[in-house]
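**Q** Given next are the chains, with one letter for each unit.
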Amino acid sequence: AQSVTQLDSHVSVSEGTPVLLRCNYSSSYSPSLFWYVQHPNKGLQLLLKYTSAATLVKGINGFEAEFKKSETSFHLTKPSAHMSDAAEYFCVVSPSRGAGSYQLTFGKGTKLSVIP
Amino acid sequence: GAGVSQSPSNKVTEKGKDVELRCDPISGHTALYWYRQSLGQGLEFLIYFQGNSAPDKSGLPSDRFSAERTGGSVSTLTIQRTQQEDSAVYLCASSLEVEDTQYFGPGTRLTVL
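The listed protein sequences derive, respectively, from chains X and G. In terms of the working numbering, the first sequence opens at residue 804 and continues consecutively. In terms of the working numbering, the second sequence opens at residue 5 and continues consecutively.
Chain X on its own, in the form it takes in the complex (with noise of 0.2 angstroms):
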């Protein structure tokens, strides 16, 4: 079994600041962990990875996320937020391999706001 915490449902930022959107995740099996972002009327599109390869992981637009085991956390960041980031984020789990792989399960999703 598997989930996903997303601990924020609205994060609000201005622009230029840091970002931090937080998750926590709960799996039987070794994890791969994602994050996929949805702008307005938008499908989802691949932020970043994690298949226990390097625990940080690097995505697009500036975003990276590190992976805590310890913690069972997947929080994703950027150090400087643009207009253009706003959007609503989901953080999604699935086993790394084996049955059930392609299963994918979505935190509710944190919308992001940026002040200007």
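Mixed in with the good hints there might be a few duds.
Cβ pair distances, simulated, as ranges [said to hold, decoys possible]:
#	chain 1	residue 1	chain 2	residue 2	range
1	X	K845	G	V16	17 to 23 angstroms
2	X	H842	G	T17	32 to 38 angstroms
3	X	H813	G	S42	42 to 48 angstroms
4	X	A804	G	G44	37 to 43 angstroms
5	G	L117	X	L849	20 to 26 angstroms
6	G	L43	X	E867	44 to 50 angstroms
7	X	T880	G	L100	36 to 42 angstroms
8	G	L117	X	P919	37 to 43 angstroms
9	G	G20	X	T880	29 to 35 angstroms
10	G	Q88	X	K871	38 to 44 angstroms
11	G	D67	X	M886	42 to 48 angstroms
12	G	E24	X	T875	37 to 43 angstroms
13	G	G20	X	K914	14 to 20 angstroms
It is worth saying that the hints were derived from the structure and are not from the lab. All residues carry an ideal CB built from backbone N, CA and C; glycine is no exception.
Got chain X sorted already, so can you dock chain G onto it with the hints?
**A** Chain G only, in chain X's frame:
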């Protein structure tokens, strides 16, 4: 290259009517997935295809929902006798193989009046 495409982008229908939603995966992707995104439930897995076969249909909410895939490419999700609770955004994704990263289409927003 081209991404996953879905049609229509928006569909408004009356309760009780049947609807068909279409997904064109990325060329060469063998696996295809359907998800539903609704306000109350978040993002839910519905069904996936490996080639033309659907090994896991466990997420389909009722027997009014069905899906098929032909030629290892296009997939159609059919909802019969639509109900208001079927209103949601239906997302399709594809991946090169089943364990690979899933790439999503823009979705079809279904509104049942």
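**Q** All hints are to be evaluated individually against the structure, with a verdict given for each.
**A** We went through each hint and held it up to the structure:
| no. | hint | result |
| --- | --- | --- |
| 1 | K845(X) - V16(G): 17 to 23 angstroms | 20 angstroms, holds |
| 2 | H842(X) - T17(G): 32 to 38 angstroms | 26 angstroms, violated |
| 3 | H813(X) - S42(G): 42 to 48 angstroms | 19 angstroms, violated |
| 4 | A804(X) - G44(G): 37 to 43 angstroms | 22 angstroms, violated |
| 5 | L117(G) - L849(X): 20 to 26 angstroms | 34 angstroms, violated |
| 6 | L43(G) - E867(X): 44 to 50 angstroms | 30 angstroms, violated |
| 7 | T880(X) - L100(G): 36 to 42 angstroms | 29 angstroms, violated |
| 8 | L117(G) - P919(X): 37 to 43 angstroms | 38 angstroms, holds |
| 9 | G20(G) - T880(X): 29 to 35 angstroms | 48 angstroms, violated |
| 10 | Q88(G) - K871(X): 38 to 44 angstroms | 42 angstroms, holds |
| 11 | D67(G) - M886(X): 42 to 48 angstroms | 46 angstroms, holds |
| 12 | E24(G) - T875(X): 37 to 43 angstroms | 41 angstroms, holds |
| 13 | G20(G) - K914(X): 14 to 20 angstroms | 34 angstroms, violated |
Of the hints listed earlier, those the structure fails to meet are numbers 2, 3, 4, 5, 6, 7, 9, 13, in rising order.
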